[in-house]
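Colleague: Next come the chains, spelled out residue by residue.
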Amino acid sequence: MPGLLWAIQPAEPAPVRPSTDIDPAVPLRARGGDEEAFAELVEFFHVRCLRYARYMLADEEDAEDAVQDTFVRVYDHLGQFRPDARFEPWLFRILANRCRTVRERRRRRESLVITGELPAVAADAPEASRDLMEEVEAELEALPTEQREAFLLRHVEDLSYEDMAVITGVRLSALRMRVKRACDTLRTRLQQEM
Amino acid sequence: MDVEHDELIERAAASLRSRRVLNPRLVMRILAAVEGRPRRWWRSATWPSTPFSLTATATLAAAGLLLGFITREATQSPVRDVAAAAQPGALAIPMLPTTRSPAEALPVPVQFTLRDVRASQVALVGDFNGWSQTATFLEPGAELGTWSLTVPLSAGRHVYAFVVDGRTWMTDPRAQKARDLDFGRENSVLIVQAP
Numbered sequence: 001m002p003g004l005l006w007a008i009q010p011a012e013p014a015p016v017r018p019s020t021d022i023d024p025a026v027p028l029r030a031r032g033g034d035e036e037a038f039a040e041l042v043e044f045f046h047v048r049c050l051r052y053a054r055y056m057l058a059d060e061e062d063a064e065d066a067v068q069d070t071f072v073r074v075y076d077h078l079g080q081f082r083p084d085a086r087f088e089p090w091l092f093r094i095l096a097n098r099c100r101t102v103r104e105r106r107r108r109r110e111s112l113v114i115t116g117e118l119p120a121v122a123a124d125a126p127e128a129s130r131d132l133m134e135e136v137e138a139e140l141e142a143l144p145t146e147q148r149e150a151f152l153l154r155h156v157e158d159l160s161y162e163d164m165a166v167i168t169g170v171r172l173s174a175l176r177m178r179v180k181r182a183c184d185t186l187r188t189r190l191q192q193e194m
Numbered sequence: 001m002d003v004e005h006d007e008l009i010e011r012a013a014a015s016l017r018s019r020r021v022l023n024p025r026l027v028m029r030i031l032a033a034v035e036g037r038p039r040r041w042w043r044s045a046t047w048p049s050t051p052f053s054l055t056a057t058a059t060l061a062a063a064g065l066l067l068g069f070i071t072r073e074a075t076q077s078p079v080r081d082v083a084a085a086a087q088p089g090a091l092a093i094p095m096l097p098t099t100r101s102p103a104e105a106l107p108v109p110v111q112f113t114l115r116d117v118r119a120s121q122v123a124l125v126g127d128f129n130g131w132s133q134t135a136t137f138l139e140p141g142a143e144l145g146t147w148s149l150t151v152p153l154s155a156g157r158h159v160y161a162f163v164v165d166g167r168t169w170m171t172d173p174r175a176q177k178a179r180d181l182d183f184g185r186e187n188s189v190l191i192v193q194a195p
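Those protein sequences? They're chains B and X, same order as listed. Going by this note's numbering, the first residue of the first sequence is number 1, and it counts up by one from there. Going by this note's numbering, the first residue of the second sequence is number 1, and it counts up by one from there.
Keep in mind that the hints were calculated from the coordinates and are not lab data. Just so it is clear, CB atoms sit at the ideal spot from N, CA and C, and this is done for glycine as well. A couple of the hints might just be wrong.
[What the hints assert, rightly or not] Derived Cβ-Cβ restraints for the label pairs, each shown as a range:
1. B/D84 with X/D6: 19 to 29 Å
2. X/Q193 with B/A138: 52 to 62 Å
3. X/M28 with B/D76: 15 to 25 Å
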């Protein structure tokens with residue numbers, strides 16, 4: 001797939017506002033074996049996937065592994081993608097599951113470690129010197145995993161509750177509650193910080 | 001106040017969205033990872049693009065009989081099997097022939113049947129035909145609402161479903177279910193015995 005690699009430039013990244021989905025023909029072309037269409041999917045979605053994975057996993061390396069694993073699974077299972085379905089929630093469902101798997105694996109691994117150094121974030125700069133982004137990220141990370149997942153999908157990835165239900169397998173009412181609780185918690189904590 | 005859309009939450013979300021996450025190496029890593037993978041069946045399958053006909057099915061069955069691949073279970077009348085298992089609503093019955101052939105590479109004819117009096121078209125989708133809704137259709141039987149098709153499948157585990165009238169995906173209620181958390185849909189599982 002060298003034809004698409006030319007487009008990958010180390011350019012200044014622009015913030016991604018995920019308000020649009022990809023052309024529905026692209027995943028169908030990839031499903032039909034079009035390598036360039038698959039590369040187009042990777043190009044289109046990898047930034048959002050990586051951002052979501054980083055916020056869910058709070059670890060750059062784990063996040064990149066989860067995203068790579070996600071796209072490899074997509075590649076292997078594109079035949080199961082229904083032509084009448086939307087690709088975006090299908091992709092994020094796989095990604096969300098990969099992130100859960102990584103977190104669970106990490107939790108089991110860490111539970112075996114009785115002693116060890118504190119993670120670097122614990123020795124970060126004093127609270128007063130953190131900017132908004134750092135504050136938000138710290139408070140996001142402090143949320144329960146389910147609330148963090150729901151908040152990210154709804155407010156950062158701009159997904160509908162219907163898509164979120166596909167991704168998480170959770171009912172709409174429960175998702176709304178998770179988002180509400182996440183918002184309440186974030187609002188309270190951020191107001192205290194400010 | 002809108003609990004989800006107040007200014008502070010919007011600012012927080014915007015801040016999270018603005019994080020730099022571009023990593024050109026990641027895209028190359030992903031493309032390199034899939035490039036080395038073996039070509040999957042859905043990209044190399046030579047599944048017929050037109051529906052199987054009853055003639056083709058009969059030919060396959062006859063060939064199987066001549067070669068001694070099909071045992072007594074596999075040669076039962078499809079209509080009789082559907083009728084025997086008929087229940088209210090739709091019913092699908094995959095028949096799993098046991099074979100006695102040393103020719104392991106040869107596919108095994110497998111019969112799929114469905115009873116659904118409301119269906120006007122029934123497609124068979126599965127990992128053996130790229131989940132195509134337009135490649136493989138069951139044929140209507142003599143009895144109203146009965147559908148059947150015999151397809152040659154390689155030995156091993158296959159995942160499949162029926163699509164009724166191009167809209168309704170349905171599993172086989174009498175087969176094992178396979179639910180992959182990643183893909184979020186239940187399908188049916190079929191184990192074809194190796195010859």
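Colleague: All hints, please: hold or fail.
Modeller: Here is how each hint holds up against the structure:
no.	hint	in the structure
1	B/D84 with X/D6: 19 to 29 Å	violated, 37 Å
2	X/Q193 with B/A138: 52 to 62 Å	holds, 57 Å
3	X/M28 with B/D76: 15 to 25 Å	holds, 19 Å
Violated hint for the displayed structure: number 1, the only one.
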